[in-house]
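Asks: Make one complex out of these two single chains by using the hints.
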Amino acid sequence: MKVLLQLRWFFKQQKKQYIIGVGALVLVSILQLFPPKIIGLIVDAITEGTLTSSELIKWLVILALAGIFMYIARYYWRVMIFGSSVLLSRTMRERLFNHFTRMSPSFYQKRRVGDLMAHATNDINAVQQTAGMGVLTLVDSLATGGFVILTMALTINWKLTLITLIPLPFMIFLTSYYGRLLRERFRFAQEAFSDLNDKTQESITGIEVIKTFGQQKEDIEDFTNLSSDVVDKNMRVARVDALFDPTITGIFAVSYILSFFFGTKFIIAGEMSIGDMIAFSTYLGLLVWPMLAIGFLFNIVERGNASYTRISELLAIEPNIKDMPGAISERPKGDLLVDIESFTFPGDETAALKDVHFTVKKGETLGIVGRTGAGKTAILKLLLRQFEGYKGKIVYGEHLINHYKQQSLRAAIGYVPQDHFLFSTTIAENIAFTDPNISKEKVYEAAKLSQIHEDILGLTKGYDTVVGERGVSLSGGQQQRVSIARALIMKPELLILDDSLSAVDARTEEAILKALKEARTDETTIITSHRLSAIQHAHQIIVMDEGTIAEAGTHEELLRMDGKYKEMYDLQQLEVLVERGGGSE
Amino acid sequence: MNEKQPKLTAKDQWFVLKRLLRYTIPHKGSITVALILLTMTITGTILGPLIIQRFIDDYITPMNFPKSDIIWIAAIYIGLQVFIVIVSYFQLIRFQDIALKIIQQMRIDVFSKVQGLGMTYFDQTPAGSIVSRVTNDTESIKEMFVSVIVTFLQAVFVLVGVYIALFSLDVKLTLISLVLLPLFVGVISIYRYYSADFYQDIRERLSQLNAKIAESLSGMGIIQVFRQEARLEDEFDDINEMHYRAGMRNIKFDGLLLSPAIDLLYMGAVVFTLGYFGFASFNSPVEVGVLFAFTTLLSRLFQPIQQVMQRLSIFQQALVSASRVFTLMDDPKMEPTQEEKDIQVQDGKIEFRDVTFSYDGKTDVLKNISFTANAGETVALVGHTGSGKSSIINLLMRFYEYERGNILIDGVSLKAYPKAELREKMGLVLQDPFMFYGDITSNIRLHNDGLTEEEVREAAEFVSANEFIEKLPHQYTQRVTERGATFSSGQRQLIAFARTIVTNPKILVLDEATANIDTETEVAIQASLEKMRKGRTTIAIAHRLSTIQDAELILVLHKGEIVERGTHQELLMQKGLYHMMYELQNSSAENAG
Chain A
177 MKVLLQLRWF FKQQKKQYII GVGALVLVSI LQLFPPKIIG LIVDAITEGT LTSSELIKWL
237 VILALAGIFM YIARYYWRVM IFGSSVLLSR TMRERLFNHF TRMSPSFYQK RRVGDLMAHA
297 TNDINAVQQT AGMGVLTLVD SLATGGFVIL TMALTINWKL TLITLIPLPF MIFLTSYYGR
357 LLRERFRFAQ EAFSDLNDKT QESITGIEVI KTFGQQKEDI EDFTNLSSDV VDKNMRVARV
417 DALFDPTITG IFAVSYILSF FFGTKFIIAG EMSIGDMIAF STYLGLLVWP MLAIGFLFNI
477 VERGNASYTR ISELLAIEPN IKDMPGAISE RPKGDLLVDI ESFTFPGDET AALKDVHFTV
537 KKGETLGIVG RTGAGKTAIL KLLLRQFEGY KGKIVYGEHL INHYKQQSLR AAIGYVPQDH
597 FLFSTTIAEN IAFTDPNISK EKVYEAAKLS QIHEDILGLT KGYDTVVGER GVSLSGGQQQ
657 RVSIARALIM KPELLILDDS LSAVDARTEE AILKALKEAR TDETTIITSH RLSAIQHAHQ
717 IIVMDEGTIA EAGTHEELLR MDGKYKEMYD LQQLEVLVER GGGSE
Chain B
151 MNEKQPKLTA KDQWFVLKRL LRYTIPHKGS ITVALILLTM TITGTILGPL IIQRFIDDYI
211 TPMNFPKSDI IWIAAIYIGL QVFIVIVSYF QLIRFQDIAL KIIQQMRIDV FSKVQGLGMT
271 YFDQTPAGSI VSRVTNDTES IKEMFVSVIV TFLQAVFVLV GVYIALFSLD VKLTLISLVL
331 LPLFVGVISI YRYYSADFYQ DIRERLSQLN AKIAESLSGM GIIQVFRQEA RLEDEFDDIN
391 EMHYRAGMRN IKFDGLLLSP AIDLLYMGAV VFTLGYFGFA SFNSPVEVGV LFAFTTLLSR
451 LFQPIQQVMQ RLSIFQQALV SASRVFTLMD DPKMEPTQEE KDIQVQDGKI EFRDVTFSYD
511 GKTDVLKNIS FTANAGETVA LVGHTGSGKS SIINLLMRFY EYERGNILID GVSLKAYPKA
571 ELREKMGLVL QDPFMFYGDI TSNIRLHNDG LTEEEVREAA EFVSANEFIE KLPHQYTQRV
631 TERGATFSSG QRQLIAFART IVTNPKILVL DEATANIDTE TEVAIQASLE KMRKGRTTIA
691 IAHRLSTIQD AELILVLHKG EIVERGTHQE LLMQKGLYHM MYELQNSSAE NAG
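Taken in order, these protein sequences are the chains called A and B.
Counting along the first sequence from 1, when you hit position 556 you're at 732 in our numbering, and nothing is skipped either side.
Counting along the second sequence from 1, when you hit position 151 you're at 301 in our numbering, and nothing is skipped either side.
One chain only, chain B, in its complex shape (with noise of 0.2 Å):
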């Protein structure tokens, strides 16, 4: 993916942090068991050290060690470190658990968004970036609830619990080490301030470097017959060089600031707390158990800081990949809305008045076009590309809403039906069906798993698809893969024919196909169009006209426009553009035989 990244504002950051935040309000339960668990882990680890320090300064430095308190003391520390590696294990889980949870809600709300998203939204993007909004940007939101949030949060409580414990051990020493807040704010804040440009260069540059080289790749033929493999090798040499500079500046620069530098601090804490107790020691005895537990303990602090700088970039990456899956939740695009009136579709008359439509708002591609398919009838819409054939179709499934004109079905606005009673009523066979990945009877049956093997592989006799299929190896069974490759057009047609079919509909919408396709496989769709066609509505674009020479209607179209409409025979009586298409094909048929 080679995609821009959007620049967030501090204030853009803060809104999507709060959005996404949101998403952990359902598991608000979780979240308080692992936060329990996640402070227990921590008391547990700072409790170790204090433990040590009181078996060193009341046993060890006076040398007397009583059995009973020798044993209770081992206890409490193997059964501590026993519930620390028991309650950190299920606390680990539980965090991952609920980032898993929250990124699965989001990827089936982002999900569900695009299924009622408007054809004209996938018209102007690319599949592939909606795919990207679902998957992988969700996948590097998940990056950030996984490891950013529960690091944060463990170096928050790690703050606090190391501090009380300091508190409880010398309380003017940790007052001095409260300097240390305001350097760990001011290092994370530096860092943070430049990684985020260092990080966003190199991802641009990594990018760049990718892109440079898939185009090579794509256009490998092109560089060769022009002979410029030396300069897009030098071009390339550029790309490299600017990226190996960039990791070369992050090395650089996360020497100077990351782990080194916290080591740097955390060495500099040491020597103030040895220079302390050691200086103390000469005015009164010190208790060395102290000096152990708070160098013990400071070091306890300064991990979970490096932790949280190494994530910073995840956590800004994450942002900007919740922005674009925010920018897609709230896309105005939506499928055309039902008024959802308590009615049914009974005869199957369809009415189009004086229907104008644009796809853009600027060209209009169908221009006032009226017809009325009266129930049963067959009306064919003939016309070369671009005619507004395949808009006619579009508006009729509610794939795009329209504005001007009306489409009646029984008198009625298209617009009032029920979604679910339109979608029941109306089948649309696509020109190129899809194929789904799983096998021929669940490309029949689509989702719908109230239907019977009986009723799938009636369908399939029905159109006459079973003559290909029961000769597959695995017959119903047939694995079908990569969108249907391993078969035929026409076969994929029939397979199409039997989907549509096996629901039954009053109307029948149908893009012929225009494919190369087989004798013998033309022969069985020609027969089950005309079973089909038989009590049903239908609409369909004809590529041939030799199959629709007895529907009820023809409509000649040209750029957007009804030129010419009657039967067949009236057409050809005509002798206009209908006359002409149809000796074209007549002659090619021919040239074919």
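The shape of chain A in the complex, shown without the other chains (with noise of 0.2 Å):
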């Protein structure tokens, strides 16, 4: 019941609407009380020949109008009950969301995103039953139980109700203990369905080795095996959901024999009436349902703890990069001064940077190359700020990069990622992304200059192809420049490329390098690259090895030092060579 507490600010906020839909759920555990007590009344009054038809009417009245109060109650209930556990569900999704937007790189490093969704999917949608469901089932349970047990006892005959009332403890017991050995069951299918999941999913993926190996026949009875698997621990699970429906009618069936048996022995002895025992049998029926729902009622509560919990304890995470009090809110300008001693990353034993020292004047572009793993992408994610903890300081302009808030520093910032994750929109507001409103021709001039327009223009849709839509695939290297677009449109003051022209031909590289170099005069750019093509003309390159700067200088005076730098060039001209097809061109 803790979850019901720690939702009271919930309950608070949706005050009025809680107050309406429990009095609705009273009323109708109120109303439903009259046409067992009408029947039994008529019935009575048939059997004893008192009856008059002004009465009748009077009665059918009564009767009509409980029903359509009943109805109108029964709306009003779900409306309020169920439409605020919608809302829950809806305002937990939207904190949550937010709070993930307010996450660091490193949040994300740690955890998959699977599991992420699980919480804003599966959690949230205990906690939502909760606050419908498990408020339904309390108040029913407590109040249309309560109820019917005391007409039943208050108006017709007290010790026949205690009587009746003997077996259903049983039920309440059997059903809970049902309900957890089903979840246990259910779990058990769930495992047996993820591992035929699992099974599809490695055929599928395998289909190659089963051809080759020509074992079709062999992978589908293992599939086979696999799949009675799920048979048989779904059995097990049906095995116990079908004792629900037996256990009810047998537990009812004692309470009916009781009530007729004894009830009979009371009307004999003149303690009650032929209208009391009809009002009462349906009075028992009523009771099947409170009956259930304090077994539900425990089952719901219970996983909405464990769902509320884990989101709480999700939302308590800090940003582990936060802006500091009294942070420079304006954009950075000027010179960029890389000053690193020593940067780990978190969880990590060996430092992915050591000692690396350079600067970058306005205006300028700096390349950096090296292998996968010597620290390329380790230096742009702190200038990202999207790491921090290093030893030493980046200076931006005229201050420190973290006296800046991240909003300003990012503002100056345009970065195309290695990967280039493009949104499943249109090209133009991918393109678009940092100001959805800015005019078509920004969006064009963007696309011209990252050399994609001709391309965009050639899809039947042009800019509103959406992407990785069915059918519609830009590939790698269109992916790319779009990004790169993404980039150009904000005019950043630092232009960031993260080895992002690798799947741009030789060709559209150059003109996308021409093209950058024309428009960004006074902007600084820096570029990192496994292709040196990318980076040749940079002011100044440096070449990482193992986390440290290995060499530095322009294109020529590295080819002069005849070391790391040479011999990537001469492999790299081979293999330009090969890529042509020959040496005829």
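Note that these hints are calculated values from the structure, not bench results.
If you're wondering where the values come from, they're calculated on a predicted model, not measured in any experiment.
Be aware that a few hints might be false.
[Stated by the list, open to error] Only pairs whose alpha carbons sit at most 27 Å apart, straight line, appear in this in silico BS3-like list of lysine-lysine:
| id | chain 1 | residue 1 | chain 2 | residue 2 |
| --- | --- | --- | --- | --- |
| 1 | A | 509 | A | 557 |
| 2 | B | 402 | A | 393 |
| 3 | A | 191 | B | 402 |
[Said to hold, decoys possible] Example chain B residues on the side facing chain A (calculated, C-beta under 10 Å, incomplete):
| id | residue |
| --- | --- |
| 4 | 178 |
| 5 | 210 |
| 6 | 234 |
| 7 | 267 |
| 8 | 363 |
| 9 | 378 |
| 10 | 411 |
| 11 | 420 |
| 12 | 445 |
| 13 | 573 |
| 14 | 576 |
Just so it is clear, CB atoms sit at the ideal spot from N, CA and C, and this is done for glycine as well.
Replies: Here you go:
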């Protein structure tokens, strides 16, 4: 029940709705008491021959009114209580989403998207159930159960009530026991299903191997075995699930038999009438749901508890990179000084960067080369303030980068990541990501700069093509160029291309670099690349190796050094030749 | 899964349903038993109130209680309840059993179909969506068989049973209460008409919502770098809001038409019944037991109707899923067929005769490829990505059908051989060997249970995989998880060698690994490659030219054509592309060293 207390804030916020909803529920449980009573009264009047037509009409009108009021009340408690629970899930989801947007990259490094999704779907669902079904079952089991029992005891016969209630605790006990058993077996069934799912996934990804070894038949056999396991585990669920109805029927049958046996005795003794007995047995029928509800309540609340705790824990995590008090809100501008003694990624043992020192003058281009894992991306991550905790300092313009507000620092940086992530919306919207209201001309301009304009016009829907939709697939190079346009459209003070020309062919690469050079005379650019052609015109090139700067200088200087850079250069020259298909060109 | 839901017309739905119901045919016997059990349960539940009615009218009202009669009635009533409890349990289980078996069969059918599809299908369809067809879609069809069809049958049976019982009590009132039938049909059809749209709407909103969360989580880095947190939050709020509204609309709609409406109808029926008996009592005496039975039986009538309505959405979803499953089952892109002539691969001589091939029917990826690999010889394919090397292997392995030119083994068309013969005599080692969940032995043996442990070990030793395997804590029973991520790519390659060699193929098709392989494993790989090729016709894609210097024939491919051919020495002398690649690799080898 802890979760109901923890949700106090929400119940308070929705006080009106819950009061109306619970009120309507209570009203329904009271109105429900009318029909059996009236049936009993009419039966008695008929057997005794005292029924008059005006009396009959009176009762029928009352009954009809009760029916109509019940309809209205039933409608309203649903809208109020279930409606509030939907609102709760919306509120929680919004909080969680907003929380996600504030979390630093290290948060995402530690967690899988799938797990975070599970919190945003399953856990929120369980909490919603608590605020909806949980409240319903709580109120219903107390109100309906209580009222019906009271009515039976007070208006008909308290002795008979006590006698017939004897079997019902067994039902509560049994159904909640089944519930627990069911949950456990259901988990096994789920596991069997997920095994089958994994098997299917594996067979489809490994289809070539299976075909090669001609083992389709055997693989289908394997699948058949697993699917039999699914059947078995589900049958285990079914065997418990099928107990519910017969148990309820059986236990209520015992109550009915008791009520008729002793009821008849009481009628003979003159303690009650036939009408009373009929009313009594109808009331008994009304007790089925409240008894079931008690069992449900425990299960719902238990799940809600666990889920609410998980969500709260997630929400309690603070972003580990925050603006310092009094952070500067102006956009940084000027020279960039990087002065890092060492930096280790959280959780890693070896340092990712050691003694990296360089300065990029405003308006200049810096090229960073080196093999995978040499530390190129680590430098960029620090520049973007995605990670902190390095020894040394990074100064942009007048101030250390961590003295700026994160938003102001990022406003100056246009970043093109290695993995060109595009959103599943139109190309135009992807390019205009930083400003959805920007003019079409600006979008075209950015697209032209990144040499993707013509490609986009070539698509049937042009700029309105939705990325990732069936049948439309942009090549890796095209995606990279869209992602470059996305960064260019904000006219960044500092443009960072993180190996973002890797999938672009040599000619296009050249065109992009040339366009950038012409358009960005006064702004700073940092390019990391495997391919030297992307950086050879840079004002300054640093060669990274094992987290530190191995060589630095201009293209010509580096060639003259005859070191690592020269080696890479020679190798790539040959590759270019092979790419062109021989020495003829 | 965020897939578009196909819109089904009434006619489509009908066809899909008919096809689904065809799956019940093999279970005719079992279904008959289940239906008999269902009839018994329902008859029992209807008889209960009738017995009470007789008890009230014949004994209580006249206040006459002969002992033997009472004992009889009590015995019958108790016996009946015990009977209902037992029979209904077995009836519920029986239906579950049938439904689960039907779905199992359907799953096996889809899976078998998938196994028979050609590689073209797999190229065009994301693996996730195929998996979804086999498991998730069939799961939602299961829901239909388990809950909808049984509920529906139950409703029909109850309807018939209750009306029969009512007829036996009071013909006139029963005839009047037949009015309820069109009312039921009316409410159900109105509900179905609107709920189909509402339900579809909320499903789509939910999948939009989840897609938005998933996408934002994956793209969070970009969102933050470009400072779009606030905008994305707004966008999310909008979707969240729309989802909320759809949810509210559903609650209101269900509140108006679902259980409250059915309860209201029931109240109407009760008022009517009471009025009928009440007014009748003014003219002639009425049996109050009949009145009791009537109101009780009527309440039994309304429960199943409500359940049917609640499950309509499951039904709708199941039809959509089923139509997707059937679309997959009807897909014509099957793997190439064999003529299955009674012939065997003798020497393993391979000949490509003027083969031209295109995946999409537009651009040719292979153009007039001709070459011969004599029995026991090695032909090496060289060229950069996209040159057509892999396509040659794809055709040789019959992953794709070719139309132009021909491929011959021992002078007979590849298409003529029985499939099993080809699979037995040809062994393929893929560039990035696929590892299955299991252990080392199961990965070498695969499904070939006829192989002994001894043979598995011999194969591992033959390719020198035993060296690293024996260093593992559990050796041959070492677990392989997550596609063998715990093994280096070189080790995976060696396991794949063993897997191939254990079947002792006549023809070897190799796609050499490009990934970085540590020197120790590299030596083992080279040595085993050499051993494996001995006595086998080998077609090898080589990325390291050093490994194929002794090949009888080297083909240099460029843009789907053979641009150079000859032995290593001949090609070096030509000073062409091969020469250049060789130079390049040598210098890079120096760098690496």
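Asks: Does each hint hold? Answer for all of them.
Replies: Here is how each hint holds up against the structure:
1. 509(A) x 557(A): Since the Cα atoms of residue 509(A) and residue 557(A) sit roughly 19 Å apart, the hinted pair holds (cutoff 27 Å).
2. 402(B) x 393(A): Violated - the C-alpha atoms of residue 393(A) and residue 402(B) are around 52 Å apart, more than 27 Å.
3. 191(A) x 402(B): Between residue 191(A) and residue 402(B) the Cα gap is close to 20 Å, so the pair holds against 27 Å.
4. 178: At about 19 Å, which exceeds the 10 Å cut-off, the nearest Cβ of chain A leaves the hint on residue 178(B) violated.
5. 210: holds, 6 Å
6. 234: holds, 6 Å
7. 267: Status holds, d = 8 Å.
8. 363: holds, 5 Å
9. 378: holds, 6 Å
10. 411: Given a least distance of 7 Å, the restraint on residue 411(B) holds.
11. 420: holds, 6 Å
12. 445: holds, 6 Å
13. 573: Given a least distance of 3 Å, the restraint on residue 573(B) holds.
14. 576: At 8 Å from the nearest chain A Cβ, residue 576(B) passes the 10 Å test, so the hint holds.
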